[in-house]
Amino acid sequence: MLKVYNCDLHIHTCLSPCAELDMHPKALVQRALEKKLDMIAISDHNASANVPYVIAAAAGKNLHVIPAMEITTSEEVHLLALFESLSDLMKLQIVVDQHLFGENDETRFGVQAIVNEQGEVEGLNNQLLIGATDLTIDNIIDTIHQLGGLAIPAHIDRESFSVLSQLGFINDDSHFDALEISKLTGMEQGRIRYGHLGHYPFLTSSDAHFIRDIGTSTTNILLEKPTFTELKMALLKQSGRHILE
Amino acid sequence: MKIENIVQALGLEVKCGKDSLGKEVTGGYTGDLLSDVMGNSKEGYIWITRQVHQNIVAVASLKEHAGIILINSSQPTQETLQKAEAEKIPIMVSDLPAFEISGKIYNLLTAKS
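Protein sequences appear in the order of chains A and B. Following this note's numbering, the numbering of the first sequence begins with 1 at its first residue and continues without gaps. Following this note's numbering, the numbering of the second sequence begins with 1001 at its first residue and continues without gaps.
Hints listed in this document are in silico derivations from the structure and should not be mistaken for laboratory results. As the structure is a computational prediction, the values presented were derived from the model and not from experiment. Heads up, a few of these hints could be off.
As the list claims (entries may be wrong) - List time: in silico DMTMM-like cross-link candidates among lysine to aspartate or glutamate, alpha-carbon distance up to 25 angstroms: (1) 1088(B) - 159(A); (2) 1063(B) - 84(A); (3) 1042(B) - 159(A); (4) 1063(B) - 20(A); (5) 1104(B) - 1079(B); (6) 1042(B) - 1019(B).
To be verified - Not the full set, but computed from the structure, chain A residues with beta-carbon under 8 angstroms of chain B: (7) 30; (8) 33; (9) 62; (10) 75; (11) 164; (12) 169; (13) 175.
Claimed, not checked - Calculated from the model, a selection of chain B residues having no Cβ within reach of chain A, i.e. all distances over 12 angstroms: (14) 1001; (15) 1002; (16) 1018; (17) 1032; (18) 1039; (19) 1050; (20) 1055; (21) 1058; (22) 1087; (23) 1088; (24) 1104; (25) 1106.
C-beta: ideal position from N, C-alpha, C; glycine also.
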C-alpha cells in the first residue's frame, strides 16, 4: 500500500568542514527520528566516510539512510549523488578521490571528523573537501548513472555553487533526475519561479549543517516503503509513486 | 578593433569560428559565473572565462558577444566546440590567466589610435 513518507534528502555530517562537530552519526539520527523523518540522504562534500556510521546508527530504527555525496564539479556546481548501496557510493568516492586536490586547513575551513555510531572519533580527513574536483558536471552525471545512482543539482535557487549561478540555465539535454530547491525558496515558490523546469521533479531538503536544521525542509513522497528504489520510481512517477505537491 | 586584430596581437589560438573573426569588439567582460555574465555583459563584448561548459556558447550567442577567450590554456569540451561552430561564435585559447589577458585586451581597446 502506498503511503506518504517524510524525506530529507540532503544532510551533512561533521565530516563536511562547514558542518558543526555535533553533527555526528548518532546525534544526527536521533534528531531525524525526533523530527519524524522516514528517509534521509547523507551527503558530505566530496566525501562519504561517515555514511556507514550513520547507517549503523539508524539500524533497527524506523529511518532509512540513503548513501549519498555532494560533489563539487569543475564548474563549481554542487551536485548530489544518491545511491542504493554503500558499495556504489564507494565506487564514486574512488573516482572523486582521484580528481580532488589540496589539503584542508582546519583553522580556515573547519574540522573534517570521521565519527562512528558511538560518537567516537575514528580519524580526520585531510583532503580539501571544500575544493572542487576537476570533473565536469556532464562527466560526473554519467559516472553516477553508470553506478545506478541519481544525479540531482543541489539548491538550484542559490546564488553560489548552483547549476544556475555557475552555468546560467539548465539545458534541455541535461540528464538530471530531479532538481533541489533550497528551503530559502521552498517548493511552492520554486515551482512558480522555475515553472519552465517543471518537467523535472522538484525536491526540497534542509541541506542541514547543524543539528537544529535537520528536517526543517522536507519532501513528502508517496511510496510503498522508504527506500532508494522506491524513490527512483517516484521520480519517474511509476506505479503511483510520486512527490506530493 | 576586430577579433582578428586581438588574436594577432596576443597570439591567441583559435579553436573554432574562424569565419567570424571579422566581428567588431566593442568591449569586454571577465567572469566565470554564467548568471553574472548574462546579467552584466553587452553585445559586441569579448568574454574572458575559465568556464568551458557548452552553456558558454548559449550565453555568448544570447548576449551577441563577439567571441570567447578561454584562459590558462583551458580547452573547450567537444560539445562546446560543436555548438560554437554551429552558432558561429569564435572561441580562442590563451595561456595567460584572466587578470593578464583582460589587462592586455583593455589596453588594446582603449589605446588611442
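A quick look at each hint next to the structure:
Taken as a hint, the residue 1088(B) and residue 159(A) pair is broken in the structure, with Cα atoms around 30 angstroms apart against an allowance of 25 angstroms. The straight-line distance between the Cα atoms of residue 1063(B) and residue 84(A) is roughly 42 angstroms, outside the 25 angstroms bound, and the hint therefore fails. For the suggested pair residue 1042(B) and residue 159(A), the alpha carbons sit about 21 angstroms apart, so the restraint of at most 25 angstroms is met. As the CA atoms of residue 1063(B) and residue 20(A) are separated by approximately 42 angstroms, the hinted pair breaks the 25 angstroms bound.
Restraint check: the Cα-Cα separation between residue 1104(B) and residue 1079(B) comes to about 29 angstroms, which exceeds 25 angstroms; the hinted pair is violated. Proximity of residue 1042(B) to residue 1019(B) is assessed by CA-CA distance (about 22 angstroms); at most 25 angstroms being required, the pair is judged to hold. Restraint check, residue 30(A) versus chain B: the minimum CB separation of about 39 angstroms is more than 8 angstroms; hint violated. For residue 33(A), the interface hint is violated, since its Cβ never comes within 8 angstroms of a Cβ in chain B; the closest pair sits about 39 angstroms apart.
Because the closest C-beta pair between residue 62(A) and chain B is about 41 angstroms apart, greater than 8 angstroms, the hint is violated. The interface hint given for residue 75(A) is met, as the beta carbon of that residue sits about 5 angstroms from the closest beta carbon of chain B, less than 8 angstroms. A distance limit of 8 angstroms between C-beta atoms decides the matter here; for residue 164(A) the minimum to chain B is near 6 angstroms, and the interface restraint holds. A hinted interface residue such as residue 169(A) counts as satisfied when its beta carbon comes closer than 8 angstroms to some beta carbon of chain B; here the least separation is about 7 angstroms, so the hint holds.
Evaluation of the residue 175(A) hint against chain B yields a violated restraint, the C-beta minimum of about 13 angstroms exceeding 8 angstroms. Look at residue 1001(B): its CB is around 27 angstroms from the nearest CB on chain A, clear of 12 angstroms, so calling it non-interface holds up. Listed as a non-interface residue, residue 1002(B) keeps its Cβ farther than 12 angstroms from every Cβ of chain A; the least gap is roughly 27 angstroms. Look at residue 1018(B): its CB is around 25 angstroms from the nearest CB on chain A, clear of 12 angstroms, so calling it non-interface holds up.
With a closest Cβ-Cβ approach of about 8 angstroms to chain A, residue 1032(B) is found to fall inside the 12 angstroms limit, against its non-interface label. For residue 1039(B), the condition that its CB be more than 12 angstroms from all CB atoms of chain A is violated, with the nearest at approximately 10 angstroms. Residue-level check failed: residue 1050(B) sits 9 angstroms from the nearest beta carbon of chain A, not beyond 12 angstroms. A Cβ of chain A approaches the Cβ of residue 1055(B) within 12 angstroms, the least distance being about 5 angstroms, so the stated non-interface status is violated.
Listed as a non-interface residue, residue 1058(B) fails to keep its Cβ farther than 12 angstroms from every Cβ of chain A; the least gap is roughly 7 angstroms. With a cut of 12 angstroms on Cβ distances, residue 1087(B) stays outside the contact zone with chain A, its closest approach being about 14 angstroms. With a least beta-carbon separation of about 20 angstroms from chain A, residue 1088(B) lies farther than 12 angstroms from that chain, consistent with its non-interface assignment. Every Cβ of chain A is farther than 12 angstroms from the Cβ of residue 1104(B); the closest lies at roughly 26 angstroms, confirming the non-interface assignment.
At roughly 24 angstroms, the least C-beta separation between residue 1106(B) and chain A is larger than 12 angstroms, which holds for a residue marked as non-interface.
The earlier numbered hints that this structure contradicts are 1, 2, 4, 5, 7, 8, 9, 13, 17, 18, 19, 20, 21.
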